[in-house]
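Visitor: Chains as they are written, first to last, in numbering that gives the first Met the number 0: chain A, 0 to 540; chain B, 0 to 540.
Derived by calculation from the structure, the hints in this document are not laboratory data.
Ideal Cβ placement from N, Cα and C applies to all residues, glycine included.
A portion of the hints provided could be inaccurate.
Said to hold, decoys possible - Coverage of chain B stretches by chain A, computed from C-beta distances (three or more under 8 Å per stretch; other residues unrestricted): (1) 4 to 11; (2) 207 to 213; (3) 307 to 315; (4) 443 to 457; (5) 482 to 492; (6) 520 to 528.
Number of protein chains: 2
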Amino acid sequence: MSDSLHTMMDYPLTLTALLERAGQYFADKEVVSRLPDGSMHRSNWGQIKDRALRMAECLLAAGLKKGDRVATLMWNHYAHLECYFGVPAAGGVLHPLNLRLHPDEIAWIANHAQDRFLIVDDVLLPVLQKFAAKVKFERIWVVKHPGPPSRHEYEDYEAWLKEATGQVPLPAIQENDGASMCYTSGTTGHPKGVLYSHRTQVLHSMAQAMADSCAVSQHDVALLAAPMFHANGWGLSYTAAMVGAKYVLPGPNLDAESLLDLIAREGVTVTCAVPTVWLAALAGMEKRGPDWRPPRDVRILCGGTAPPESLIRKLDHHGFHVIHSWGMTETSPQATVSLLRTKSLAWPEDQQYAVRSKQGWPLPLVEVRTCNEKGLAPWDGETMGELEVRGAWVAASYFNAPETRDRWTADGWFRTGDVATIDPDGCIKLVDRSKDLVKSGGEWISSVDLENMLMSHPAVREAGVVGVHHPKWQERPLAVVALKDGATATADELCAFLGTKFAKWQLPDGFVFVHDLPHTSTGKLLKTELRKKYAEWKWQT
Amino acid sequence: MSDSLHTMMDYPLTLTALLERAGQYFADKEVVSRLPDGSMHRSNWGQIKDRALRMAECLLAAGLKKGDRVATLMWNHYAHLECYFGVPAAGGVLHPLNLRLHPDEIAWIANHAQDRFLIVDDVLLPVLQKFAAKVKFERIWVVKHPGPPSRHEYEDYEAWLKEATGQVPLPAIQENDGASMCYTSGTTGHPKGVLYSHRTQVLHSMAQAMADSCAVSQHDVALLAAPMFHANGWGLSYTAAMVGAKYVLPGPNLDAESLLDLIAREGVTVTCAVPTVWLAALAGMEKRGPDWRPPRDVRILCGGTAPPESLIRKLDHHGFHVIHSWGMTETSPQATVSLLRTKSLAWPEDQQYAVRSKQGWPLPLVEVRTCNEKGLAPWDGETMGELEVRGAWVAASYFNAPETRDRWTADGWFRTGDVATIDPDGCIKLVDRSKDLVKSGGEWISSVDLENMLMSHPAVREAGVVGVHHPKWQERPLAVVALKDGATATADELCAFLGTKFAKWQLPDGFVFVHDLPHTSTGKLLKTELRKKYAEWKWQT
C-alpha cells in the first residue's frame, strides 16, 4: 500500500487561482489608486486580472523562463498590483526593490537576485539613474503617470501590455514554484533575500482571512499603507484578491492628511502599516478634533515594531482598532496575532490593553518557542529567550547565502534575533532585538520597554533607548528623546516618570533631546544609527 | 535553476498540527458531550489531545501501519473526537461507519475499506452483532457509557488507552498521508469511498474559518449536529480544534428538545446539520413561543439538501441564521457558501432571502462549472447543466472503484450528479439531482422547486415530488405531502397555491397525502423509495 493512498485531487495552491477568482466573481469590485501626483485612478479586479494575464503573456514573449526574477521600482498602485499577479502567473518571481535604500545597496540587491527585467514608475527614474550603471536589466518598462513627461530611453508599460493577444496559453504553475521575493536589510552583512512560493503566499492569505486573524472579507475596503516593496506588501494584496475586497493603494502619499482623506473618501475598513505611520496619523486625527472618527471603523494590522500601548488606546478612541501582529520578511510576514482571548473579553480595560500590547499567539500552522543558553525557555512570562519560529510560510534559508545557515537551528527553526518572553497561556511578548538589549552588570534591560513608557509621556513624540559602553556596568541605557512640537520636559521629569514603573537600576543614566530620530527605509527606528552616534558618549560620574 | 527555487520551509499540513495547537493554546476550552443516556460529559482540548496521542501510541502497539483503516461505530461524543485525531496521528485512516445503514451494507463497506480495527460504543453493540459475522476486525475496543453494563467479549477502550506510556515517538506524518474516509451511498451500485488526506482536511478547515465562510472563531461554541459518520462530520471537528472553539457533541440526541436544550445550556453560537434537523427544531422553537430565542444568536451551516426559503426566514426570526452551503462527501464536504454579497446588503428582504436560498459561490480554491449536451452552460441563471467541481479538497476518484471512473471528466472535474443554473454574477442554484428532474414532454421540471414551494404552505410539514411514467408526456410530477399535525389542505388548494408561481404544465398531476415521508440515514428525503412506491401510479385521465 502506497504512503499516499488518499483519493483527493492534486490541486496546486497558486496565486493565479486567487487572481482568477477575483476576476470571475468580483470583477466589478474597485481597485483604487492614488497616483504620485495625488490624482485618483480607478480600476477593478476584472481589469487587474485581464491586465495581469496580458503582462504574463508579454513576459513570456520577452523570453522569461520559469523562476526568472522581474524587479519593480514602484509605489503602491494598480500597475504594481498587476505585477504582483502578472509576474507569478508567467512563472516568474516578482522582486520589488526597496526604493528607499542607498542606490549602491539597491544595485547590490538587484545583482544578487539576478533580476532580468525591471518595471519602474516614471517618477522613480531619478532613483534608477543613480544605480542604473551598476546593473544590467535586459529590458525596462516605464509606467507613465499623470504629470510632466519624463525623458528616457526605455519602453512604455502601456504600449507593451497592448502587445498581448490574449491567445497564448500560460505555463502550468506548481505550488512550489517561486512567486515573489523580498530582501531584508540587516545591520550587519549584506541584505538577505527570501523567496516565497505560490503555496506559502496562498496559505498566508488563508490565514489572514480567518476570523481570528484579520478576518479580511469581501465586505472590507482594504488599504495597503505598508509599501509593496516591504515584506511582500504584508500579503494583503493576495488576501484582498482572494476574498474579493475593494482595494485601495495610496501611492507614495502616506502622510497623515493624505491617509485620513483616503480612508474617509473610500470608506476603508481594514489597513496595515508600521506604528510610525499611525503615530503621525494619530496626530492628524487629534488635529481634526478630539472625537473625530472615520465614516466606518477601521481595523489596523500593525507590526514591524511594537505599537506602544498608548497608541493602541488613542487609536481605539478614534475608531481605529489595532490588530497587533508580529512577523518578519522571513515569515511572509504575519506570524502572530494579539487579539483578546475568550476569557479576556470580561477583563478590565487596562488588562486588555496590556495583552494587546504584546505580540500575541501564533497563527495556525505557525509554531514558536524561545531558547536561551539553558535551552528551551519556560512559559513563565519572565524568562527571556531568543524567539524561534517554524511554520507553513516561514523561510528555511536565505536566497544564495550559505553563510547565513546559522540563522536556523539544527532542528530547522528560524532564529528571529528577537528576544521574547512567553506567558503561561502562550502569549508572546517581545522584549527587544537581541542586539538591542542593554547588558548592564550581568542583567538585561529591555530598550523597547523603556521606549514605550517614554512614548506614553504626554510631551514625548518618539524615543529611542540604546546601550552605551560603561566602564563599570559593561553597558548602561541612554535615552534619545524627540518632544512634541511646543511640549517641554526635563530629563529629571522623564526619569521620575519612568521610575513609577521601572526599577532604579533599569532607568537610563542619560537623556539626549533631539528634534528627530533616524528611521530605516521601512519606518522603523534606526538603532544602529543611534548606537553609532552615541558610541563615544561619556557618562557623567 | 531548479523549478522550485523558493527558500521556504517544507512544513506539512497535518491534522496533528491542529491538535497540538488546540492542546497547547486552548487546553482549558471545553469539549462537552451528551452521552447516549442523556447525561453530560465534560472534557477539554488539553485532555482530548493527550488521549488522542495515547490512542495513537496504542494503535502503533497494536501493529497499525501507515494507511491502515480503523473503523468506528459511534455517536458524536468525546471518544469519537479522540478517534478523529488519534487515528490520523498514528498514520492510520479513520473510517466512521454509518450506523444507520442496513447491516449487510455496513459489512460490505467495512470489508471494502479493509478496516483492520474497530472502536464501538457499548450502546451500539447490538448493531455490531448484526454484521459482526460478516467482517473480520483484528481487535475491537468498546467505549463504556453510563447505563447498564453490556455483556461482550471485546476489549475496553479506557483500559486500552491506559496502556500508553506517552514515551513512544509517533511517526512523522506527511500531508498527503491518508487521514480519514467516508462512504457515500448512491442509489445505484455499491457505496463509494472517499479517502481524505491530512492536507485536504487542513485546507478545508482554513476555508471554514474564513470570515466569508463560517468564520469559526475561538470565541465560538460549536455544536456538531451532523453525525460524525456523515461526510467527514462536515469538517467541523478539525476546524473547531484549529481555532480553539468550545466544542459540543450531542451524542444520538438530535430531537428538537434535546438540541434546543443543549444550545441554550452551553451557549452554542455555530452549528451545522441537514434541513430536516432544523425543520424539527423550528417546530420545537415555535412550541416554546413565537418569539423564543436562544441566549446567543446561532449560525447554522446548513446543507445536504437545500433548506427551503421559508425555513431560513423562520429560523432568522428565532435568532438562528442559516449559512446555506452546498457540498458532498466528495468535497470534504463544504464547497460553496451562500452569504450575501456587498451589493446585496442594501437589497429588500425578499430579494436577500431569494439569494440565500440558492447554493451560492464556491469557496476560494474550489472551482465550479455547469455542463450539458451543448458543452459549457452560460451564466444566465436559466440554462441547466450538470454541476462539475474541482478544487483543493475535492475527490479525484473513489477508493478502489475503477468502474466509477466516468464520474470524472476527461479534464479532471468531478461530475456531481446535481443539475444547476449559474446566475450572471456566479451564484449557483441547484435545480435537482439529475436523476430527480421530471422529464415532461421534452421539458425539465425541477422537483426541488415544487417541493420548496409546497413546504412554504402553512399546512405542509414536508413534501416530495417525483416523476412518474406517463403514457403521453414520458413523465409527470406526483406530489407526496405530509401535513402538519391538525392542519388540513386539499389537492386543489395546494395546486392553486403552486399555480401562483409555476406554469400550468409544471404543476403536479397528482397529490398523495401521507403521514410521514421516507428519509435516508443522513436525514435526506429518500426519493428512490418514493419512486419505487409510486412506480405503478395510474394517472387519472
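Visitor: Check whether three or more residues of the region 443 to 457 of chain B sit with their beta carbon closer than 8 Å to a beta carbon of chain A.
Guide: violated (count 0)
Visitor: Using a Cβ cutoff of 8 Å, are there at least 3 residues of the region 4 to 11 of chain B near chain A, or does the coverage claim fail?
Guide: With 7 residues close enough to chain A, the hint holds.
Visitor: Verify the coverage statement for the region 520 to 528 of chain B against chain A, using a C-beta to C-beta distance below 8 Å and requiring 3 or more qualifying residues.
Guide: violated (count 0)
Visitor: Within the region 307 to 315 of chain B, is the number of residues with a Cβ closer than 8 Å to a Cβ of chain A three or more?
Guide: Three-residue rule not met by the region 307 to 315 of chain B, so violated; n is 0.
Visitor: Quick check: do three or more residues in the region 482 to 492 of chain B have a beta carbon closer than 8 Å to a beta carbon of chain A?
Guide: Our answer is that it is violated, as 0 residues pass the Cβ test (under 8 Å) against chain A, missing three.
Visitor: At a Cβ distance under 8 Å, does chain A reach at least three residues of the region 207 to 213 of chain B?
Guide: With 4 residues close enough to chain A, the hint holds.
Comparing the model with each earlier hint shows violations of hints 3, 4, 5 and 6; every other hint is respected.
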